[in-house]
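Below, each chain spelled out in residue letters.
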Amino acid sequence: MLMLEKRPQPSKIWTLAAPLLAVVLTMICGGLLFAALGKAPIETIRTIFFDPLFSEFAWFYRPQLLIKGAPLALIAIGLSFGFRAGIWNIGAEGQYIVGAICGAAVGLAFYPTESFLIFPLMVIAGVLGGTLWALIPGILKVKFDTNEILVSLMLVYVAEQLLASMALGALRNPDGMGFPGSRNLAKYDSASSWISENAGMHWGVVAAMIAVIFAYVTLSRHQFGFNVRLAGQSPRAARFAGVNPKLLVLVCMGISGGLAGAAGLFEVAGPAGQISIDFNVGYGFTAIIVAFLGRLHPIGILLAAGLMALTYIGGEIAQSNLGLPGAAIQLMQGMLLFFLLMVDVLTNYRLRFRQETTV
Amino acid sequence: MTQPLLALSGLTKAYPGVVANKDVSFNILPGEVHALLGENGAGKSTLVKTIYGLVKPDSGTMLLNGAPFTPAEPRAARASGVAMVFQHFSLFDAMNVAENIALGMENPPPQREIAAQVRAVSDQYGLPLDPTRIVGELSAGERQRVEIIRCLLQDPKLLIMDEPTSVLTPQEVDILFKTLLKLSAEGTAILYISHKLEEIRALCENATVLRLGEVVGTCDPRTTSARDMAELMVGTALHVPERAARPAGDTILALKGLSAKAPHQFGTALRDITIDVQKGEVLGIGGVAGNGQDELVAALSGEMRTEAGMVNFGGESISHLGPNQRRKIGLLAAPEERMGHAAAPDMSLVENAVLTATTRKEFANKGFLNWRKARTFADDVITAFDVRTPGSNNAARSLSGGNLQKFVIGREIMQDPDVLVVNQPTWGVDASAAAAIRQALLDLAAKGAAVICISQDLDELMEISDRFAALNEGRLSDPRPAQGLSVEEIGLMLGGAHDMEVSHVDA
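Those sequence lines, one after another, are chains B and C.
For what it's worth, this note's numbering labels the leading residue of the first sequence as 19, then goes sequentially.
For what it's worth, this note's numbering labels the leading residue of the second sequence as -10, then goes sequentially.
Since the hints were derived computationally from the structure, they do not count as laboratory data.
Check the hints yourself; a few may be wrong.
[Unchecked claim] Which chain C residues stay away from chain B? Per the calculated CB distances, all over 10 Å, these:
id, residue
1, GLY70
2, ASP82
3, GLY115
4, ASP239
5, ARG260
6, GLY303
7, GLY311
8, ALA333
9, MET336
10, GLU340
11, VAL343
12, GLY356
13, PHE357
14, TRP360
[Claimed, not checked] Sample of chain C residues facing chain B (criterion: CB under 10 Å; computed from the structure):
id, residue
15, CYS208
16, THR212
17, SER214
18, ALA215
19, ASP217
20, ALA278
21, ASN313
22, GLY319
23, GLY329
24, ALA331
25, THR347
26, ALA353
27, ARG386
28, GLY390
29, MET482
Every residue gets a Cβ at the ideal spot worked out from N, C-alpha and C, and that includes glycine.
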């Protein structure tokens, strides 16, 4: 009989090995799935996981990795604080949208003035927008004990409506001949977040790297990071240690909202270029997977963001080159999270084979 | 010679890194009250879990009434007539007594029938219990009765009791003992685990002593002195805490009409608590669990804020201060629940040192933690309080209860508090560790600090307190000098037995 036995303390080896094993299991089961769809499994897996990095067209795909990975990492870092403290902000997608709207609005307000001050102002506006949007569920939780999962999630749909209204109304390009969508910020020098478009480098990539380092130092060395970890593990011990749980909710919601807002701003001022009805593509939701895949650890999140970006790009290649349905790619991404959670059990438990007792 | 009810021979159980039981053999006779003695970590729990089917031994055999007995799970053990009352109750606060009892049954009969059975059994054994009451409203003694009656309904041949008296008033203990003796007279054997040696001397006919997993001796507790048994258990001469006579100091902590609403549904409101605590004294606060102990600690530690003027430190109101501000001025606390309150189970001991000692030990510089300093402090606590662990990097949950308690108390004492509040400082801690903790509290008081010791262990309070007060339904009695208080007086201060009656023992 198979038994689970609790370990006296979490296994260090499995903390590292679990994500790797989850990736391997995903490749195996994904391969079976693709085989069932009538595709060559090994070729498909190779296309998804290796072609973006090592094929002859990798020069084209590698910058894409940065472009897709940066917002994922940035948002996931923000989310990881709250998730560690047991505060569940599911609405990063909405905060991402609102950050983009606020930042873009500031940039567009200055058009066509050129000044090096404009972009920093946009960043501040984007961060503030995301923060305030995230503080709505935060304040409601603190004041009225509402469920932040539901409120933050519902605010995503509000944000989407707000986005549509902006694209069609206040922020619509006056020279756009009535088409929805704002001016292209990427083509407005003072407002563009590009550093080098050919290399896929924009300020969002830089911000993501800074966020990773900042989060790493905060979580491992700073009292605030300690409080966050403590509150997530033992809320009662955290209160005993003098942590104010309400303040912690607000700060964690604020951090995750601020970083999601920043990610939105960098996206709208660079890769996306403009506020449009379909500006958001689900980074805010995928970042939740990235945060857990990276074990809520900054370095892990960085790697996980890279991996998710890889499956996105590889998935697109597989769709166009091999005719794989898009849903199959999403299924595989879901599998990744599923396997991670499954294998995660081994960090705290060990498997034991036990013989049935014979009487 | 009668055939033993349960014969254990050569039971061995090893866990990675530790042998919990090594070649344990002894017999339990039908109808006897058999004591199982040993320090924490001596292997008592593993042994009774083996008998109850929770643990499968690596080798060795058990014979129940002469037939091989290998329970694969507690259900099988119960079916064979072995029942167990655990130290920590497994009851649901929001359900009533009969519902709770039904939850533990294989095929529960209708509620009405259970209620009738509960009434019958409780009447027969003098354990009055209303089957329709909500468990959340019951006292600890009553909850224990629920557990006992749950076992008795199975008509067991062997009843295992794990430290049953730690939450009872002296009067309640008396009644429990009468019940147990009646059961024993009717032929039910009782395996009684306790570290309170006087109790074992009053109740048990036979004792088996475990040390480090091995049987180190058996004795007849009625003729062996408590001190001899303790030394058998510990393996060395037992250290009895000494106290130095000390002059009364100035008042450092003053509670004035401290009242607070119950923080949650099953909490207790604090009502008009007024007391002055002097430097250099140990104030013992007794009381049955659930009479406001947790709330009083929270009001003192700063986890619960109260109205201005209710809690005063050195003449100034500190009612509005949070835990860390109170630590800064020298008021420290160690709550009862180690896992998840006083310590974070999944964090290392170093991180658990940071949990409360950052303010006074200055681990943080502009918010950045100095882990090396914290590690040194954790290592110091481990050395000074003889905490047995491979190292300060181990998770708190990997320590045994007694060792973690030593760490928690040591962590506070080594911060040199002016006032230290401890709740149940030796709960579940073995005799030698308990003695060490009590000595440390006395030493702290001798250095001029005030110690408030909240405990349900009256022997402990009598041993270390200068003054004694009782907490009953959120009210604190007037303190009285501890010396010369009789057990009966204390029992009355605690509110006596909570609606209990003496068992109708037939002659």
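To see whether the hints hold, each was checked on the structure:
no., hint, result
1, GLY70, "16 Å, holds"
2, ASP82, "17 Å, holds"
3, GLY115, "38 Å, holds"
4, ASP239, "27 Å, holds"
5, ARG260, "23 Å, holds"
6, GLY303, "20 Å, holds"
7, GLY311, "5 Å, violated"
8, ALA333, "4 Å, violated"
9, MET336, "7 Å, violated"
10, GLU340, "7 Å, violated"
11, VAL343, "6 Å, violated"
12, GLY356, "5 Å, violated"
13, PHE357, "5 Å, violated"
14, TRP360, "8 Å, violated"
15, CYS208, "34 Å, violated"
16, THR212, "41 Å, violated"
17, SER214, "38 Å, violated"
18, ALA215, "34 Å, violated"
19, ASP217, "35 Å, violated"
20, ALA278, "17 Å, violated"
21, ASN313, "4 Å, holds"
22, GLY319, "15 Å, violated"
23, GLY329, "5 Å, holds"
24, ALA331, "7 Å, holds"
25, THR347, "7 Å, holds"
26, ALA353, "5 Å, holds"
27, ARG386, "7 Å, holds"
28, GLY390, "14 Å, violated"
29, MET482, "29 Å, violated"
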